[in-house]
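A.B. asks: If you're matching them up, the sequences are chains A and B in order. Residue numbers 5 to 497, in the working numbering, belong to the letters of the first sequence in order. Residue numbers 5 to 497, in the working numbering, belong to the letters of the second sequence in order.
Think of the hints as simulated: they come from the structure by calculation, not from any bench. Please note that a few of the clues may not be correct.
Identical copies carry no separate label here, and so any pair may be met within one copy or between two of them.
[Stated by the list, open to error] 16 Å max Cα-Cα, derived EDC-like pairs, lysine to aspartate or glutamate:
1) 212 to 193
2) 316 to 273
3) 139 to 74
4) 279 to 181
5) 274 to 408
6) 139 to 59
7) 391 to 143
8) 205 to 276
9) 415 to 488
10) 335 to 408
11) 229 to 193
These are the residues of each chain, in order.
There are 2 protein chains.
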Amino acid sequence: MTIRLFKQFQTLKLHGVCSVCPLWRHAWSCYSTEPNSPTVKTSIPGPKSIAMKRDLDLIQNTDVVQFFVDYDRSVGNYIRDVDGNVLLDLFTQIASLPLGYNHPRILEVLKDPANISAFANRPALGIYPPTEFAKLLSETLLSVAPQGLTQLQTMACGACSVEHALKGAFMAYRRRERGGSAPTQQEIDTCLMNTPPGCPKLSVLSFKNAFHGRTMGALALSHSKWFHNLDFPAFNWPIATFPTLKYPLEEFYKENIAEDARCLAEVEDKIESAKKAGQPVACVASEPMQCEGGDRYASPQFFQGLQDICQKNGIALLLDEVQTGAGATGKFWLHEYFHLRDPPNLVTFAKKMLTGGFYYTPDMRPTEGGRIFNTWSGDPSKVVVLKAVLGVIKDESLLARTTDTGNYLMKSLMDAQEKYPHLLSNARGLGSLAAVDFPAAAPRDNLVERLRSLGVHVGVCGTSSMRLRSTLTLERKHVDIFADRFNTVLRDT
Amino acid sequence: MTIRLFKQFQTLKLHGVCSVCPLWRHAWSCYSTEPNSPTVKTSIPGPKSIAMKRDLDLIQNTDVVQFFVDYDRSVGNYIRDVDGNVLLDLFTQIASLPLGYNHPRILEVLKDPANISAFANRPALGIYPPTEFAKLLSETLLSVAPQGLTQLQTMACGACSVEHALKGAFMAYRRRERGGSAPTQQEIDTCLMNTPPGCPKLSVLSFKNAFHGRTMGALALSHSKWFHNLDFPAFNWPIATFPTLKYPLEEFYKENIAEDARCLAEVEDKIESAKKAGQPVACVASEPMQCEGGDRYASPQFFQGLQDICQKNGIALLLDEVQTGAGATGKFWLHEYFHLRDPPNLVTFAKKMLTGGFYYTPDMRPTEGGRIFNTWSGDPSKVVVLKAVLGVIKDESLLARTTDTGNYLMKSLMDAQEKYPHLLSNARGLGSLAAVDFPAAAPRDNLVERLRSLGVHVGVCGTSSMRLRSTLTLERKHVDIFADRFNTVLRDT
Chain A
5 MTIRLFKQFQ TLKLHGVCSV CPLWRHAWSC YSTEPNSPTV KTSIPGPKSI
55 AMKRDLDLIQ NTDVVQFFVD YDRSVGNYIR DVDGNVLLDL FTQIASLPLG
105 YNHPRILEVL KDPANISAFA NRPALGIYPP TEFAKLLSET LLSVAPQGLT
155 QLQTMACGAC SVEHALKGAF MAYRRRERGG SAPTQQEIDT CLMNTPPGCP
205 KLSVLSFKNA FHGRTMGALA LSHSKWFHNL DFPAFNWPIA TFPTLKYPLE
255 EFYKENIAED ARCLAEVEDK IESAKKAGQP VACVASEPMQ CEGGDRYASP
305 QFFQGLQDIC QKNGIALLLD EVQTGAGATG KFWLHEYFHL RDPPNLVTFA
355 KKMLTGGFYY TPDMRPTEGG RIFNTWSGDP SKVVVLKAVL GVIKDESLLA
405 RTTDTGNYLM KSLMDAQEKY PHLLSNARGL GSLAAVDFPA AAPRDNLVER
455 LRSLGVHVGV CGTSSMRLRS TLTLERKHVD IFADRFNTVL RDT
Chain B
5 MTIRLFKQFQ TLKLHGVCSV CPLWRHAWSC YSTEPNSPTV KTSIPGPKSI
55 AMKRDLDLIQ NTDVVQFFVD YDRSVGNYIR DVDGNVLLDL FTQIASLPLG
105 YNHPRILEVL KDPANISAFA NRPALGIYPP TEFAKLLSET LLSVAPQGLT
155 QLQTMACGAC SVEHALKGAF MAYRRRERGG SAPTQQEIDT CLMNTPPGCP
205 KLSVLSFKNA FHGRTMGALA LSHSKWFHNL DFPAFNWPIA TFPTLKYPLE
255 EFYKENIAED ARCLAEVEDK IESAKKAGQP VACVASEPMQ CEGGDRYASP
305 QFFQGLQDIC QKNGIALLLD EVQTGAGATG KFWLHEYFHL RDPPNLVTFA
355 KKMLTGGFYY TPDMRPTEGG RIFNTWSGDP SKVVVLKAVL GVIKDESLLA
405 RTTDTGNYLM KSLMDAQEKY PHLLSNARGL GSLAAVDFPA AAPRDNLVER
455 LRSLGVHVGV CGTSSMRLRS TLTLERKHVD IFADRFNTVL RDT
């Protein structure tokens with residue numbers, strides 16, 4: 005018997021059972037519990053990270069590599085680097101982990117035989133979709149679609165999502181201009197030579213400090229950091245001012261209302277000028293909160309006004325929720341807080357959604373096939389994993405938890421700001437998104453580094469903001485650890 | 005004992021063992037053998053595909069959906085649709101399957117516990133790479149890099165790869181113009197407003213009938229089909245004529261040489277005019293063979309001449325091998341056939357490589373961090389699968405097989421062309437890439453449909469070409485099946 009059982013195990017080992025413990029997945033079975041607190045053993049990056057960076061630098065520029073990660077042994081809200089440092093992660097791969105590292109429900113998906121072909125056979129989704137694909141989309145991406153956005157396109161990444169969403173807006177604009185007529189032969193011929201009328205002089209209005217991605221269409225809307233844009237030819241499209249709110253909001257209510265009005269008037273001016281310059285605006289694109297640009301919020305009234313202007317001028321409104329969606333704010337989409345009269349026309353997503361893509365209203369839907377398309381057009385295996393993620397969000401009421409933890413986190417930032425007013429200002433946030441400003445970049449960067457040496461990993465944005473981007477599974481106990489280390493560092497500054 | 009064994013199986017079932025056969029993976033264990041020939045049971049699309057398309061059409065435009073696929077039960081070179089039709093697949097997800105469906109070595113990767121964290125934890129690769137990432141790249145993507153291209157960037161898809169490769173070229177061009185100086189404050193300020201000098205008036209020269217992708221930078225280089233470009237504003241960059249070779253090549257040697265010269269002269273003219281117009285060419289981009297545009301080859305001499313022109317003018321040469329690379333031609337990269345004096349500066353890939361990305365020469369390498377970057381910057385899980393794919397290509401000598409099978413396929417196309425000269429012309433190909441022209445689109449489309457009803461699935465390109473894109477595992481026996489059905493259809497035309 006012993007021999008038979010042993011043989012059984014041998015066979016199973018060949019087929020993927022861990023040799024240490026007779027359970028299915030090594031990484032999961034052995035490291036599934038979050039530590040109680042961070043552990044820092046070396047400077048960060050440590051010697052192993054530094055050696056690996058040297059190797060990688062032979063292949064590509066690694067100036068922005070921070071450290072190398074042991075993903076096998078990272079768990080929940082804790083990231084473990086290759087030198088064995090275990091950090092509470094409040095940046096989470098630039099806000100792209102919904103549940104943290106190695107979540108058991110995600111690992112379940114990866115070991116379910118029913119899912120394997122999604123990972124083994126990436127389809128050309130636009131022409132050969134997998135069986136019951138509409139059902140999969142309905143149970144996942146569409147189950148969390150912003151109200152009124154019934155149409156959906158998956159894409160590979162955030163930038164591609166923005167690019168193709170813009171194309172939806174351009175097509176809709178020209179379709180309306182054509183009044184139902186088919187494109188002319190001249191349009192068809194000239195579009196193959198990049199010239200009007202086939203490639204019309206249309207534009208997209210974006211905002212200063214915005215960020216929408218690094219491909220040339222998305223980049224034309226991005227104005228937050230010089231090293232994103234320098235040296236690249238760009239569409240000369242209108243760029244308006246995004247409101248700069250004064251904090252605390254209740255104190256500067258009047259000023260902020262005036263700022264909204266000023267910025268909206270500028271938007272209207274720019275739309276008018278673009279039209280006069282023969283380059284009418286087909287789409288206004290904005291993040292519901294500017295992230296890379298420095299966690300810059302605007303009021304619901306501003307976005308309501310923006311929608312009014314768009315509707316008055318027959319312009320599509322694109323809200324880019326790549327960083328703010330997927331429950332990050334305690335609502336599934338940040339723009340739900342705006343109570344817009346009508347749905348925005350286009351909403352892009354990626355990061356925590358695991359797949360790129362965008363939702364759109366029926367009027368943005370292409371009337372010819374193959375207009376919004378590329379070979380992969382997304383990746384159904386990511387949607388399969390997303391299904392588990394959305395299940396956990398629902399089963400564990402993670403939106404409510406994110407609101408609660410977010411409020412608790414905000415309180416700790418507010419307390420710190422009150423205690424250290426010479427160092428901190430403008431504490432702001434919603435759910436898992438939080439930020440606070442420093443007097444300049446240098447003290448901010450210094451604090452972030454010292455915080456990391458105490459085991460708490462955070463991000464930065466804008467010129468002098470600290471940016472927190474946690475998972476949706478963050479709890480008050482994690483915030484306590486952050487607050488403790490944050491105050492220690494502030495006290496010693 | 006029986007009870008203990010039974011319990012053992014129960015546990016295992018929960019952890020992913022097939023309930024039918026006590027092996028690890030259902031899809032793999034039950035359907036791992038290719039059928040001997042196709043089976044067609046219904047019209048294609050069949051009733052189930054039609055119903056699923058109706059459902060999907062509620063969510064997005066499905067005009068170009070051909071049929072829905074049962075990926076679980078597709079195997080090797082045979083694709084199975086949801087109606088149970090099993091087709092010999094000679095289009096393979098728009099040329100994106102290196103080894104076919106559910107290859108055992110790929111399934112092995114997916115069940116190896118050592119790999120699971122790559123699938124469960126997608127990193128922000130540019131700042132938090134996984135442990136030993138340089139080693140993984142060296143063993144995979146770099147092990148098949150075109151000679152002289154020592155630098156590498158992964159990206160999510162083909163279009164993004166082209167976009168970021170262009171950025172590499174723009175930066176290199178401006179870096180040389182600056183002669184080592186840092187960018188000026190004026191450049192830094194203006195680049196955030198999309199205007200010169202920060203966003204300079206540079207251009208990329210592309211070719212008529214080219215295709216490089218659907219995002220706005222890649223799209224500015226794409227001129228093959230109107231529905232890719234219509235309605236979208238575009239960079240007004242120079243577009244030159246790609247040679248039209250006359251077949252058979254040995255008969256039209258002189259004419260083709262003259263065509264090369266004519267097209268190269270036009271390239272030089274366009275470069276000169278762009279310079280005069282204040283929009284100098286920083287990069288010339290070309291597919292080594294135009295795929296979407298109609299499987300249009302050009303001679304090695306043409307590409308050698310193109311490189312000469314680029315070098316003379318200080319312009320980067322980008323060869324887009326998204327569809328032609330990864331062994332498709334019997335060499336790993338099509339441009340190896342060109343015997344260029346120096347490596348091209350940039351080579352993009354995707355499709356059969358499973359991940360997007362590009363190789364580049366050291367002079368194209370950004371000197372500042374974060375210039376070529378996005379959150380995901382690729383997907384290491386795809387590289388993990390690619391490792392197995394490259395292993396199979398080597399172990400099974402698939403490049404040699406692809407050459408052999410390709411020659412055998414070409415012979416069958418040549419034979420058919422000789423037999424049906426009123427229907428077929430310009431049979432051409434290299435390895436797994438093959439095409440033949442029809443007098444017009446209608447007879448081509450008609451034949452392709454009838455071929456499918458006999459169990460052979462092929463693609464189309466250009467205005468009237470049939471396009472074959474097989475896996476690298478195709479054998480002569482598969483070609484025999486294709487040839488048999490192809491001749492049947494031709495005979496009845």
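A.B. asks: For a quick check of understanding: which of the numbered hints are violated here, in increasing order?
C.D. replies: Result: hint 5 breaks, nothing else.
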